[in-house]
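S.K.: Here is what each chain is made of, one letter per residue.
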Amino acid sequence: MFNYYLRLAWISILRHWGLSLLMVCAIGLGIGAAMTTITVNYLMSANPIPEKSEQLYYVQLDSWDINNPFNDGLSPPDQMTFTDSTNLMRAQKAFRQNVQAQAFGVIEPENPDMLPLIVNGRANSADFFTMFNVPFIYGSGWSRASDDSKEFVVVLSKETNEKLFGGEDSVGKSIKLEGNMFRVVGVIDNWQPKPRFYDITTGAFNDSEDIFVPFHLIVDEKISRSGNTNCWKPTGDGFQAFLASECIWTQFWVELKTEQDKEDYLQFLNAYVQEQKQFGRFQRPIDNRLSNVMQWLESQEVVADDAQMMMAMSFMFLIVCLLNTVGLLLAKFLGKAPEIGLRQALGASKRTLFSQYIIESACIGILGGILGLVLAYLGLQGIEILYGDSMKDLATLDSKMATLAVLLALFSTILAGLYPTWRACNIQPAQQLKSQ
Amino acid sequence: MLETGLILRALARNKIGAMLIALQIALTMAIMVNAIFMIQDRQQQMKRASGLDEANTFYLTNTIFGQDYNIISHLQTDLNMIRNTPGVVDAIQINAVPLSGSGWSMALQHQPGEDQDAVGSAIYMVDEHALNSLGLELIAGTNFSQADVEIRKDGQSTWPAKTIITKAFAENLYPDDWQSAIGKTVYISQNQPLQIIGVIKAMQAPWNGWNGVERSMLVPFHREAKGGYYFIRTEPGQRDALMPIIEKALAESDKERIIRRVTTVEETRKRSYQQQNATNKILMTVVITLTLITGFGIVGLAIFSINRRTKQIGTRRALGATKGQIMRYFMMENFLISCVGILIGSVGAVALNMWLVNSFNLSPISFELVAFGVVALFIVGQLAVLYPARKAALIPPATATRTI
Numbered sequence: 001m002f003n004y005y006l007r008l009a010w011i012s013i014l015r016h017w018g019l020s021l022l023m024v025c026a027i028g029l030g031i032g033a034a035m036t037t038i039t040v041n042y043l044m045s046a047n048p049i050p051e052k053s054e055q056l057y058y059v060q061l062d063s064w065d066i067n068n069p070f071n072d073g074l075s076p077p078d079q080m081t082f083t084d085s086t087n088l089m090r091a092q093k094a095f096r097q098n099v100q101a102q103a104f105g106v107i108e109p110e111n112p113d114m115l116p117l118i119v120n121g122r123a124n125s126a127d128f129f130t131m132f133n134v135p136f137i138y139g140s141g142w143s144r145a146s147d148d149s150k151e152f153v154v155v156l157s158k159e160t161n162e163k164l165f166g167g168e169d170s171v172g173k174s175i176k177l178e179g180n181m182f183r184v185v186g187v188i189d190n191w192q193p194k195p196r197f198y199d200i201t202t203g204a205f206n207d208s209e210d211i212f213v214p215f216h217l218i219v220d221e222k223i224s225r226s227g228n229t230n231c232w233k234p235t236g237d238g239f240q241a242f243l244a245s246e247c248i249w250t251q252f253w254v255e256l257k258t259e260q261d262k263e264d265y266l267q268f269l270n271a272y273v274q275e276q277k278q279f280g281r282f283q284r285p286i287d288n289r290l291s292n293v294m295q296w297l298e299s300q301e302v303v304a305d306d307a308q309m310m311m312a313m314s315f316m317f318l319i320v321c322l323l324n325t326v327g328l329l330l331a332k333f334l335g336k337a338p339e340i341g342l343r344q345a346l347g348a349s350k351r352t353l354f355s356q357y358i359i360e361s362a363c364i365g366i367l368g369g370i371l372g373l374v375l376a377y378l379g380l381q382g383i384e385i386l387y388g389d390s391m392k393d394l395a396t397l398d399s400k401m402a403t404l405a406v407l408l409a410l411f412s413t414i415l416a417g418l419y420p421t422w423r424a425c426n427i428q429p430a431q432q433l434k435s436q
Numbered sequence: 001m002l003e004t005g006l007i008l009r010a011l012a013r014n015k016i017g018a019m020l021i022a023l024q025i026a027l028t029m030a031i032m033v034n035a036i037f038m039i040q041d042r043q044q045q046m047k048r049a050s051g052l053d054e055a056n057t058f059y060l061t062n063t064i065f066g067q068d069y070n071i072i073s074h075l076q077t078d079l080n081m082i083r084n085t086p087g088v089v090d091a092i093q094i095n096a097v098p099l100s101g102s103g104w105s106m107a108l109q110h111q112p113g114e115d116q117d118a119v120g121s122a123i124y125m126v127d128e129h130a131l132n133s134l135g136l137e138l139i140a141g142t143n144f145s146q147a148d149v150e151i152r153k154d155g156q157s158t159w160p161a162k163t164i165i166t167k168a169f170a171e172n173l174y175p176d177d178w179q180s181a182i183g184k185t186v187y188i189s190q191n192q193p194l195q196i197i198g199v200i201k202a203m204q205a206p207w208n209g210w211n212g213v214e215r216s217m218l219v220p221f222h223r224e225a226k227g228g229y230y231f232i233r234t235e236p237g238q239r240d241a242l243m244p245i246i247e248k249a250l251a252e253s254d255k256e257r258i259i260r261r262v263t264t265v266e267e268t269r270k271r272s273y274q275q276q277n278a279t280n281k282i283l284m285t286v287v288i289t290l291t292l293i294t295g296f297g298i299v300g301l302a303i304f305s306i307n308r309r310t311k312q313i314g315t316r317r318a319l320g321a322t323k324g325q326i327m328r329y330f331m332m333e334n335f336l337i338s339c340v341g342i343l344i345g346s347v348g349a350v351a352l353n354m355w356l357v358n359s360f361n362l363s364p365i366s367f368e369l370v371a372f373g374v375v376a377l378f379i380v381g382q383l384a385v386l387y388p389a390r391k392a393a394l395i396p397p398a399t400a401t402r403t404i
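Protein chains in written order, with my numbering: chain L, 1 to 436; chain S, 1 to 404.
Treat the hints with care, as some may be off.
What the hints assert, rightly or not - Some chain S residues flagged as far from chain L (calculated, every beta-carbon gap over 10 Å):
{"hint": "1", "residue": "I7"}
{"hint": "2", "residue": "E266"}
{"hint": "3", "residue": "C339"}
{"hint": "4", "residue": "N358"}
{"hint": "5", "residue": "R390"}
What the hints assert, rightly or not - Computed list of lysine-lysine pairs in DSS-like fashion (alpha-carbon distance at most 27 Å, straight line):
{"hint": "6", "chain 1": "L", "residue 1": "K434", "chain 2": "S", "residue 2": "K15"}
{"hint": "7", "chain 1": "S", "residue 1": "K226", "chain 2": "S", "residue 2": "K248"}
{"hint": "8", "chain 1": "S", "residue 1": "K201", "chain 2": "S", "residue 2": "K167"}
{"hint": "9", "chain 1": "S", "residue 1": "K255", "chain 2": "L", "residue 2": "K163"}
{"hint": "10", "chain 1": "S", "residue 1": "K226", "chain 2": "L", "residue 2": "K163"}
{"hint": "11", "chain 1": "S", "residue 1": "K162", "chain 2": "L", "residue 2": "K233"}
{"hint": "12", "chain 1": "S", "residue 1": "K270", "chain 2": "S", "residue 2": "K248"}
Hints in this document: simulated from the structure, not taken from any laboratory.
Every residue, glycine too, gets a C-beta built ideally from N, C-alpha and C.
Chain L extracted, bound-state conformation (with noise of 0.2 Å):
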């Protein structure tokens, strides 16, 4: 029987074929859209790193002016000034821990007719790269001995190792930043989370970086920093009183295993913060955060505003075109009245009428997520397009989506069915014979 249905909508659907087409059309281009903003919003609000993402923890401790509070008060900075990244690091409370900022500095290559290169970095903690789960080809990151032996080592991403070396095992070997020799300890494979969580400071769908190095090179000025800079307080004159100011530019991690640990370590900060404002620091009330890395994300808006309301706009889109599709399938179903009551009379059930028609209205709904799902990945090519490198990687259709814009049109379509298709069985075969 479902074969037969499904010939005969068939039949149905070529006899009417502008009508069968505006309705696949409306349709494809609801689910086009929709697809397109959903996809974009789900990549965006994507777990980076699902497997802990419970367990880390991004620190703030409001530290700012009790004149002019930051962001009006209603949240403390969004980053650490040096001090109390030092102290708690120090502290050593949690079960890891990573103190970290945004870096840039020249590597000149051994070859001396290969130009030189600038790097975008990461000063950082050893924690770092097991925190996050870094994968590594080669070697690993350094360990919190050379950390507190300040040692100039490097662990380079797998760009940066094809670009000096060629792409081969280069552990052990040298590289030459800011006029300084440094031991390579890693290199880390493809690693790019989006978000890029671990620091969304400067951008959060930016790329990771080109190399990582320990965090103390920046305060013994063997790296410059990089990276936003938020000061309240005059600072004194030079590099050694900017880094004893008020001024936030390091980012704080914790690892922290179990609620109770969180618990804590939320403790922990309460007694620091109490004992700071002892040396007139921390004016304001205590408002210290851990927050996890959704709860950290979600609270800086890392999904951009525009991305929301558009996708709010295509649902409506979508909504539109489903209207424009109940409204069609409508006029259609009551103009088979006269075949419907035909058959009626001849003893077909409101069953029967009822399967036949959804299976109509289905394989419309099946066509048109088809379409949906060109024009999503049309879209999608678009918006990459058009909004150029902060989208890259943010505009891609996996098979989870293909598959959500195809159920998305069956099941959109069936709904919009529904009715027309109610409506059909309800035709009285009586008057419909009689004006034959």
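Assemble chain S onto chain L, guided by the hints.
M.R.: Chain S alone, transformed into the frame defined by chain L:
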């Protein structure tokens, strides 16, 4: 309008069908009006002038990696070389570029002290060639002199004695009379005095999304730093030819630095507003396709209802109705449905706008735009129904006699 009652009675027999069209029109209008509003909002934002001579300027980054490098003497040589290149109007060292997205800001206050209100402003560290190099217009006061320019070491916390600010900043500091800003002393870093010696017409901050984007100040500094920009203005039409020449000359003059990112200000503007531009294009596509879908939906439904009523139309024609009257019937029918749709749509447009205002900090919609939406959708509806109505009018009166 005798027909109105007739049409209403006919519509009442197919309430759902008419409601569907009305709802579709309503949603289309709500989306269309808001999308156009957002497009206009972004266009306004993009139209704001940066204050620079955008067509004839470019910049590049200069990153020094050599050790024991005399930054200041090289800076002088570089600037002299660039300024003496034929076709170059002027050139400066600068710490940031308007609209580029990264730069410095500081807050100024009227009185010294910790607990004073302060107004944030972008800081541009330049020398006395800045006005000429950037193409800025000095509308009051004077320019810096060569003697005003100090050397700033990295991490230095003191500031020069003089500053030039934008008119928008002056208006913010002295709301009653911006011209009174000239000669006034303001305080930077809470307690360092700074005298305003000039006001420029406009110069935008590096961040286009910042609500203080029109507030900028120039301070006379040459930076002794390892990274910075050279900003160059050329004679009209010479920019593109000079870009590679100057890049090459700088790169070859000494090997202990890297010259990179040679970029025009036009390109920077484009990149800065890339997102706004992209969103506008998408919104435009949404508006157009939505209108088309609604239009075609009306066409499809009208054709269907006409096909179903062929006999009745034939009968009316046979009883003496003119073609014009038949056409008018369907145009009127569409008009009535549109009225309901547009009424709901106007409320919907305002409601949607209110939601957008609440969730995304948009500004409230203007009345004119809603009025525009009303007119636009009436036209769309009437145009869409024109073809089916014409088809209906052409039904011959003889149809009425055939099947009875």
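S.K.: Now tell me, hint by hint, if it's right for this structure.
M.R.: For each hint, the structure was consulted:
Every C-beta of chain L lies more than 10 Å from that of I7/S, the closest at about 18 Å, which supports listing it as non-interface. For E266/S, the condition that its CB be more than 10 Å from all CB atoms of chain L holds, with the nearest at approximately 16 Å. Every C-beta of chain L lies more than 10 Å from that of C339/S, the closest at about 18 Å, which supports listing it as non-interface. Every beta carbon of chain L lies more than 10 Å from that of N358/S, the smallest distance being close to 12 Å; the non-interface claim holds.
No Cβ of chain L comes within 10 Å of the Cβ of R390/S; the nearest lies about 17 Å off, and the non-interface call holds. For a cut-off of 27 Å, the pair hint linking K434/L to K15/S stands: about 24 Å separates their Cα positions. Annotation: proposed proximity of K226/S to K248/S holds, straight-line Cα distance about 19 Å (limit 27 Å). Distance hint between K201/S and K167/S is fulfilled; the C-alpha atoms sit about 5 Å from each other, no more than 27 Å.
The straight-line distance between the Cα atoms of K255/S and K163/L is roughly 20 Å, inside the 27 Å bound, and the hint therefore holds. With a C-alpha separation of about 24 Å, the suggested pairing of K226/S with K163/L holds against the 27 Å cut-off. The suggested pairing of K162/S with K233/L holds, with an alpha-carbon distance near 22 Å, which does not exceed 27 Å. For the hint pairing K270/S with K248/S, the CA-to-CA distance comes to about 25 Å; that is within 27 Å, so the pair holds.
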